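Colleague: If you read the sequences in order, they're chains W and B.
If you count the first sequence from 1, position 200 lands on 200 in the numbering used here, and the numbers rise without skipping.
If you count the second sequence from 1, position 214 lands on 1214 in the numbering used here, and the numbers rise without skipping.
The set of hints was computed from the structure by calculation and includes no laboratory data.
Wrong hints could be hidden among the right ones.
Said to hold, decoys possible - If you anchor each label on the Cβ, the simulated ranges turn out as follows:
hint: 1; chain 1: B; residue 1: 1183; chain 2: W; residue 2: 23; range: 27 to 37 Å
hint: 2; chain 1: W; residue 1: 26; chain 2: B; residue 2: 1010; range: 30 to 40 Å
hint: 3; chain 1: W; residue 1: 26; chain 2: B; residue 2: 1057; range: 37 to 47 Å
hint: 4; chain 1: W; residue 1: 264; chain 2: B; residue 2: 1005; range: 23 to 33 Å
hint: 5; chain 1: W; residue 1: 19; chain 2: B; residue 2: 1129; range: 37 to 47 Å
Here the structure is a predicted model, which means the values were calculated and not measured.
The C-beta atom is built at its ideal place from N, Cα and C for all residues, glycine as well.
Each chain, letter by letter, is given below.
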Amino acid sequence: MNPALTALVLARQTTVRLLRARMPWLLLLGAIAGAVLVALIGRHIARHNRGDVALGVITWLTYMQFVLPFCALWFGVQAVQGDIEDRTSVYLFSRPLSRPAMLLGKWFAAALVSALLILLGIGILYVALTWDRSRTWQLGVRPPAAMLPAFAHAGVLGALAYAALGALFGAWFKRPLIMGLVFLVGWEGMMANLPAHASARALTVVDAVRRLLWQAHAPRDDYAEVLLGPMMVHPDPNALDPSLALLRFAVLAGALAAWVYARREYDARVAE
Amino acid sequence: MSDVQLVFDAVSKWYGQVSALTDVTLRCGPGVTGLVGRNGAGKSTLIKLAAGLLRPSTGTVLLGDAPPTRRAARALLGYCPDVDRFYEEMSGRAFVAWMLRLDGLSARAARERAGEVLDQLGLGAAMHRRIAGYSKGMRQRVKLAQALGKRPRVLLLDEPLTGLDPVARHQVTDVVRQVGREGACVLVSSHVLHELENLADAGIALVHQGRLLAHGGVAELRAQLSERPHRLRLRTTRPRALAARLVELDSVARVAIGARDVEVETRAVAGAFADLTRLGASGERLIDELLPLDDDLEAVFGYLVS
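Could you build all of it, start to finish, from the sequences and the hints given here?
Modeller: Shown next as structure tokens:
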């Protein structure tokens, strides 16, 4: 089977496997529960906020800061390590398939499932904020639908990057979820809150994601503090374009994951 | 179909500080070669090296002309692992078809071939049920089917008869033997010796503590052990009289008398057979039947590892 077809077939199979797990459905349930809550307190939110700021801040604080990284990383790890751990990988590894192509398929499947969940979640949030047309928003600014494509753009690229990282950790480490947590909570938590000009920010995914969200707004300092953190009132104008930064991160992590996956022996001395 | 050989040349495998295989040189050609050893002897490691799942620490493994880590070499391969793991939510047929699809068959050809091979292994009636509901024996046959489906030139079977009932065992043995007869190189591992005795027509490889102790036919292996005592059972109606004659023979080292037989131990097999033949042909009719006790695999294995 040629590598392109291998990647496609594995992507399809991995997507089905990931959707059969409990995680996506729990996330969806969480998104619906959150949306119900937002719908219930929507009048209160509208009284104290502009619609664009409310949509941006809630999206950032829930989906982009927490759900996207944790879920895409988890799916990336599961896609790659799930069948190594349950040892069904022997069926794949003993067949004439290219391992880098297999990893590519698994990575795309993880990114696809994560992106779908994020998009669905943001869509549900938008509906929860706007369903009651009688609400009066501060300054009359309703949550604008025009922000959604920018959020989708950030969600898809972020999912691609975090899933690549999950795939890398899954291919590399025996306890990839712990390494993932160390990365998200330790590394990203520290680096992404450095001053705007710090070049180490480029080694995180979250920095590029929030710069993409920032681009969806007219610059406002009150919003910037919530979105970008107290150390960075405005993003560094000389930093690499956030879309390119995310793509670069995803490609590098994906390529490294493919390299590790192709060379590694995934067989501990279990059977004997 | 041209013959493909599976070659291990001075192969050693280390897991960190632990040596799993040491300097194994083995060449398997067409037919069924049995791989025998106790649990932990290194059989699965040897098979995983042949399947390209592991790389040798030193030495070379070749499947045909290429190492099995190459895709071209793995295209020749069918591998039945020892692990009892599946995509449980799939039906037996869907699983085998999916595996054959990964082997490069078209979706339709894979489905048809999956049905055919499952039928051949006696799983035709249950092939549409979910694997999660299969018995141990049915799961074992699904594993075999995914290995056999592509008609491999090299077939690696790691403990394939485990968990099979006698009927299924017979079916599977027949199918494996047939694959070997058609010219494929088949390597079958087992720690149950008598399973392989009738199956392995191309010889037996004995592995113990990571080393290859011997390789050859059962009788051939036994002959290599000429310095070891051989035991023979002589059926007779007059065991005491026979024993009295046997102790006079130089070729006989020890005699044990039973109710209707006498057991003889000898270190000079050829001489003992000549003497016993003469004794049997004499007018006294002391020997009704002669049975070699050590030509079975169990005995050979016992001698070699002791």
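Colleague: Look at each hint and say if it fits the structure.
Modeller: Structure-based check of each hint:
no., hint, in the structure
1, B/1183 x W/23: 27 to 37 Å, "violated, 48 Å"
2, W/26 x B/1010: 30 to 40 Å, "violated, 53 Å"
3, W/26 x B/1057: 37 to 47 Å, "holds, 44 Å"
4, W/264 x B/1005: 23 to 33 Å, "holds, 28 Å"
5, W/19 x B/1129: 37 to 47 Å, "violated, 22 Å"
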